[in-house]
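Asker: So the number in the working numbering is just where the residue sits in the sequence shown, counting from 1, plus 204.
What the hints contain is simulated information worked out from the structure, not anything from laboratory work. Since the model is a prediction, treat every value here as computed from it, not as a measurement. Among the clues, some could well be false.
Ranges of calculated distance between the beta carbons of each label pair, as one might list FRET restraints [unchecked claim]:
#1 Trp339 x Glu365: 22 to 32 Å
#2 Leu416 x Trp336: 19 to 29 Å
#3 Arg454 x Pro366: 12 to 22 Å
#4 Trp394 x Trp336: 15 to 25 Å
#5 Pro312 x Gly226: 24 to 34 Å
#6 Pro312 x Arg454: 26 to 36 Å
#7 Ala362 x Arg230: 51 to 61 Å
#8 Ala414 x Arg368: 49 to 59 Å
In this text, a Cβ means the ideal position worked out from N, Cα and C, and glycines have one as well.
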Amino acid sequence: MNATQSLTARTGNFFHRYANPGRFLRLGARLQPWLTWPALALSAAGIVWGLFFSPADWQQGDSVRIMYVHVPAAWLASSGYMALAVCSLLSLVWRHPLADLAAVEIGPVGAAVTAVCLATGSLWGKPMWGAWWVWDARLTSVLVLFFLYLGHIALIRAFDEPQRGYRAAAILGLAGAIDLPIIKFSVQWWNTLHQPDSITLTGAPTMSLAMLWPLLVCTLGFTLGFAAIVVARLRAAVMESRVRAALASRRGRSNMPENDMPESGAPGRVDLDGAMA
205 MNATQSLTAR TGNFFHRYAN PGRFLRLGAR LQPWLTWPAL ALSAAGIVWG
255 LFFSPADWQQ GDSVRIMYVH VPAAWLASSG YMALAVCSLL SLVWRHPLAD
305 LAAVEIGPVG AAVTAVCLAT GSLWGKPMWG AWWVWDARLT SVLVLFFLYL
355 GHIALIRAFD EPQRGYRAAA ILGLAGAIDL PIIKFSVQWW NTLHQPDSIT
405 LTGAPTMSLA MLWPLLVCTL GFTLGFAAIV VARLRAAVME SRVRAALASR
455 RGRSNMPEND MPESGAPGRV DLDGAMA
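Throw the hints in and build the complete structure from the sequences for me.
Answerer: What follows is the structure, given as structure tokens:
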């Protein structure tokens, strides 16, 4: 028991090193250009490479080119929810002060890429399967993931007291993570129309390298873009929270009786770095 408590404490201390809003804002400001510009360059290069210079598939023809958007979106749909679940764990177990704000900002971005995944999958499925939508195990589990994102977005904003919304949404975030292995292994567990994974950690890729390289470039570019958007949104949320805390503090001072006001001299300083600590 003591060993478990010690491990939990050490883990909490590690994460709380980056919990200070001022420290996060400085780190985010340094990271932002290193995420944004490579994301734009790699995404543009990968899309142009995939759409115009990669070969067509021998069986699917040019319709296979939609994978250069669909596959990165599918990867980000699952990995984005995994990040949301990690934030939920940090919130519930270690009360990390930035985890709840991060979950708030990840939700809309994850929902957007999941919608892109579903839309591009539908466009790809029409010429291949003859239908815009089939209740395939992989498609259905990704649709459930989309609804989990929407549920998290709604639940975290459903309470007048923000902390109650954070706690409820964190529980949903952790419970919904059970859908991620279902998405991953649905093709192996059930007989589905969806093709097996072309890239695995345990075997060689089953696609041509001329198609694999632009796909990897697109995936890396989209991933950096996802991270850049989340970091930008989180920086804005932290600054908004600090401004609100400062305004609330000033309003509280202006409403204080004269006898309770500080003595004459320099006006009271609002500690914005500690506003969310």
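Asker: Now, for every hint given, state plainly whether the structure supports it.
Answerer: Outcome of the hint check:
{"no.": "1", "hint": "Trp339 x Glu365: 22 to 32 Å", "in the structure": "39 Å, violated"}
{"no.": "2", "hint": "Leu416 x Trp336: 19 to 29 Å", "in the structure": "28 Å, holds"}
{"no.": "3", "hint": "Arg454 x Pro366: 12 to 22 Å", "in the structure": "20 Å, holds"}
{"no.": "4", "hint": "Trp394 x Trp336: 15 to 25 Å", "in the structure": "21 Å, holds"}
{"no.": "5", "hint": "Pro312 x Gly226: 24 to 34 Å", "in the structure": "25 Å, holds"}
{"no.": "6", "hint": "Pro312 x Arg454: 26 to 36 Å", "in the structure": "31 Å, holds"}
{"no.": "7", "hint": "Ala362 x Arg230: 51 to 61 Å", "in the structure": "33 Å, violated"}
{"no.": "8", "hint": "Ala414 x Arg368: 49 to 59 Å", "in the structure": "53 Å, holds"}
In this structure, the hints that do not hold are numbers 1 and 7, in rising order.
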